[in-house]
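Here are the chains, one letter per residue:
2 protein chains.
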Amino acid sequence: MSDFQDLISKLKKKNDSKIVLLVADGLGGLPLEPGGKTELETANTPNLDALAQRGTLGLSTPVLPGITPGSGPGHLGLFGYDPVKYQIGRGVLEALGIDFDLGPNDVAIRGNFCTLDDAGSIEDRRAGRISSEKAAPLCEKLNDIKIPGVEVFVRHVKEYRLVVVFRGEGLGGDVDDTDPQATGVPPLDPNPRNEAAKKTVEVAQEFLKQARELLKDDRPANFLTLRGIAKRPDIPTYEEVYGLKTGAVAVYPMYRGLARLVGMDVLDAGQTLDDQCSRLEAAWKDYDFFFMHFKYTDSTGEDGNFDAKVQRIEELDAAIPRITALNPDVLMVTGDHSTPSKMKSHSWHPVPTLLAANNCRYDNSTEFSESACLRGGLGQFEAKYLMSLAMANAGRLEKYGA
Amino acid sequence: MSDFQDLISKLKKKNDSKIVLLVADGLGGLPLEPGGKTELETANTPNLDALAQRGTLGLSTPVLPGITPGSGPGHLGLFGYDPVKYQIGRGVLEALGIDFDLGPNDVAIRGNFCTLDDAGSIEDRRAGRISSEKAAPLCEKLNDIKIPGVEVFVRHVKEYRLVVVFRGEGLGGDVDDTDPQATGVPPLDPNPRNEAAKKTVEVAQEFLKQARELLKDDRPANFLTLRGIAKRPDIPTYEEVYGLKTGAVAVYPMYRGLARLVGMDVLDAGQTLDDQCSRLEAAWKDYDFFFMHFKYTDSTGEDGNFDAKVQRIEELDAAIPRITALNPDVLMVTGDHSTPSKMKSHSWHPVPTLLAANNCRYDNSTEFSESACLRGGLGQFEAKYLMSLAMANAGRLEKYGA
Chain A
1 MSDFQDLISK LKKKNDSKIV LLVADGLGGL PLEPGGKTEL ETANTPNLDA
51 LAQRGTLGLS TPVLPGITPG SGPGHLGLFG YDPVKYQIGR GVLEALGIDF
101 DLGPNDVAIR GNFCTLDDAG SIEDRRAGRI SSEKAAPLCE KLNDIKIPGV
151 EVFVRHVKEY RLVVVFRGEG LGGDVDDTDP QATGVPPLDP NPRNEAAKKT
201 VEVAQEFLKQ ARELLKDDRP ANFLTLRGIA KRPDIPTYEE VYGLKTGAVA
251 VYPMYRGLAR LVGMDVLDAG QTLDDQCSRL EAAWKDYDFF FMHFKYTDST
301 GEDGNFDAKV QRIEELDAAI PRITALNPDV LMVTGDHSTP SKMKSHSWHP
351 VPTLLAANNC RYDNSTEFSE SACLRGGLGQ FEAKYLMSLA MANAGRLEKY
401 GA
Chain B
1 MSDFQDLISK LKKKNDSKIV LLVADGLGGL PLEPGGKTEL ETANTPNLDA
51 LAQRGTLGLS TPVLPGITPG SGPGHLGLFG YDPVKYQIGR GVLEALGIDF
101 DLGPNDVAIR GNFCTLDDAG SIEDRRAGRI SSEKAAPLCE KLNDIKIPGV
151 EVFVRHVKEY RLVVVFRGEG LGGDVDDTDP QATGVPPLDP NPRNEAAKKT
201 VEVAQEFLKQ ARELLKDDRP ANFLTLRGIA KRPDIPTYEE VYGLKTGAVA
251 VYPMYRGLAR LVGMDVLDAG QTLDDQCSRL EAAWKDYDFF FMHFKYTDST
301 GEDGNFDAKV QRIEELDAAI PRITALNPDV LMVTGDHSTP SKMKSHSWHP
351 VPTLLAANNC RYDNSTEFSE SACLRGGLGQ FEAKYLMSLA MANAGRLEKY
401 GA
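Top to bottom, those sequences are chains A and B.
Once you know that position 239 of the first sequence is 239 in UniProt numbering, the rest is easy, because the numbers rise by one and skip nothing.
Once you know that position 387 of the second sequence is 387 in UniProt numbering, the rest is easy, because the numbers rise by one and skip nothing.
Please note: incorrect hints may appear among the correct ones.
Straight-line C-alpha distance at most 30 Å; calculated DSSO-like pairs for lysine-lysine [what the hints assert, rightly or not]: (1) B:209 with B:134; (2) B:295 with A:12; (3) A:13 with B:209; (4) B:146 with B:158; (5) A:245 with B:342.
Treat the hints as calculated values from the structure; they're not laboratory data.
Bound conformation, chain A alone (with noise of 0.2 Å):
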């Protein structure tokens, strides 16, 4: 555990209170041209305006300034876990991305099927952009691999991208990529970076070799590749860190992963934002917090379609009233970073976050919108301090020191 997180632990107390945090992936936008409103801004919001009028505002930094984090540091910081000291490894996300459930004695790897000539170059990395057809039998047959001691699991992911996990004891996370990133040479010996990485690397030599034998007449895809070699961090749960029983109700495997990440509880959460809000109602009794999530404004961001993204802001506010209907103690909306449409991508800009609950302290705000949030009374903030501000408004904190 970080020191504030310790610090947390130790304060934390249980009471009967419900705490929501619902996340707009990518929620925080930037306006098309000077004096320009953004996606949020130019939205018709009139729940998340009311919410904004009893609640207090504020800009969440989700890593440091000028970071432009991902969707794991993202949502870590959210969930109140310092995002520089826990980093996820591409192989852990991807996993996680395809509903993977990793288990802390587990490597995973994101392997890219790859083209070897005749001499055994790399002369495509992406083995042509095979379809996923065709790439998925050849998945199940690399599945079949066994290495002694070690369970393999090899899954396909989409078009020439699977995953891999070696599952065993003692088996290290920090192995250097075979990818050499360039055609005309040959695939790299798995490297290890530590003591620990030494076994995994006589794991993936064993299973490269095997692959290359059960491969060697599938041309395109005759070989792959292995990147992002990694463990999951080693990771409080929720329950040690808050005292928290929590439920994910999120619809995409990527994030229900990150919530499986820190113990959460993953519900099943339906396709639709009305879905989610059904199930948050049914299991309104099981649980202390419950994380939700909508994709579609960041998704809409990263298209660059502005008006798109102001509708599924629209649409999130429309879901509102169920959610507030509950009466949650803590409800917090924010993001896990900016998408601005602007940008097609994601970005460092400060998240809109809105806190509603009722000793916190009103700031006169009176939409929600980014220049509300920049005014607002909870100031411009570190994503990861805003579950500790949850906790606080929700009565879990004992007070520090006499």
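Given chain A, put chain B in place with the hints provided.
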């Protein structure tokens, strides 16, 4: 020292400036209803408002977001010490609270008289809340306990509560409580949490053995439990960090003790704010820095008495002209934490803070209030940085680097 204090200590320089830190305990508040005003916003404070116009405002986070501090960490933060790094044990705070002058070789303990049954199990953890009249002579009896190589002090606090201090070389502070927090079981043995605490445990065992004999006929107070066994933190003094000669003008023992902990001279402050101002005037030439403490903004908040807190703030405001008449180079008005009367308790909310000095950057504030502080020039900042701002404004810090 923390890295930051180490830096300040290297940059400090002397001049003839005078700095006043006026702490209104628990100053921050909450409105009773959305859109309403806090206690400070309700109070009529012409003098503080005038000071706000020629000063700069901000909101101070006592420890970290969401953390509700006790008086100890609240003041350490204002004094510029990292309140997470320097922790003050319960026994130390209890000793400070009765004006006991704790030295670096002292282990301070909060004692509770308790009732043992014939089998030696605890029947009542507070000895029937024995009256002060009956408990005081028992403390005097215990004060006669002699242990070779160690001085023993026993002081009555109130009703069943007392302070025990062991003074001697090589006594560590990390010893578990002997109070089992339950009845029907015997008191626990004192248990060392590390090597340095072993000698303290031997002393405590001998003390408890003699106490059991001395008190055996004093039912209901026929024994005592020991709690919060601790040494004062090894903390650099104000002279070491800031090069300031410092006088504390505080009425209540706890705050006099906290001032003494960081090496302040504790002055006779009388009983009222008027007395305190007179003392400040009389001592003005003798010190560089004055810490003035006003208790009643906290106690009225704890009582849940919104109107009384408003009145106490107005009382504080009325004292401002006597302070400004002395022309301090830097005058700060703040609190060690918030105590909203709505909550009847300390809280985590950031604390309104005012700093007036010749070279501060005005922020167009027209009043001293939570909402003005939210928009103030100091922004939201951790309390531990207030002292470096004061030093800077007093011209007492050299340039850092060339």
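Hints, verified against the model:
1. A threshold of 30 Å between alpha carbons decides the hint, and for residue 209 of chain B with residue 134 of chain B the separation of about 22 Å falls inside it, so the pair holds.
2. A C-alpha spacing of about 28 Å is found between residue 295 of chain B and residue 12 of chain A, which places the hinted pair at or below 30 Å, so the restraint holds.
3. Pair hint residue 13 of chain A plus residue 209 of chain B does not hold up; C-alpha atoms about 36 Å apart against a cutoff of 30 Å.
4. The hinted pair formed by residue 146 of chain B and residue 158 of chain B meets the criterion: a straight-line CA distance of about 24 Å does not exceed 30 Å.
5. Distance hint between residue 245 of chain A and residue 342 of chain B is fulfilled; the C-alpha atoms sit about 29 Å from each other, no more than 30 Å.
Hint 3 alone, counting from the list given before, is not met by this structure.
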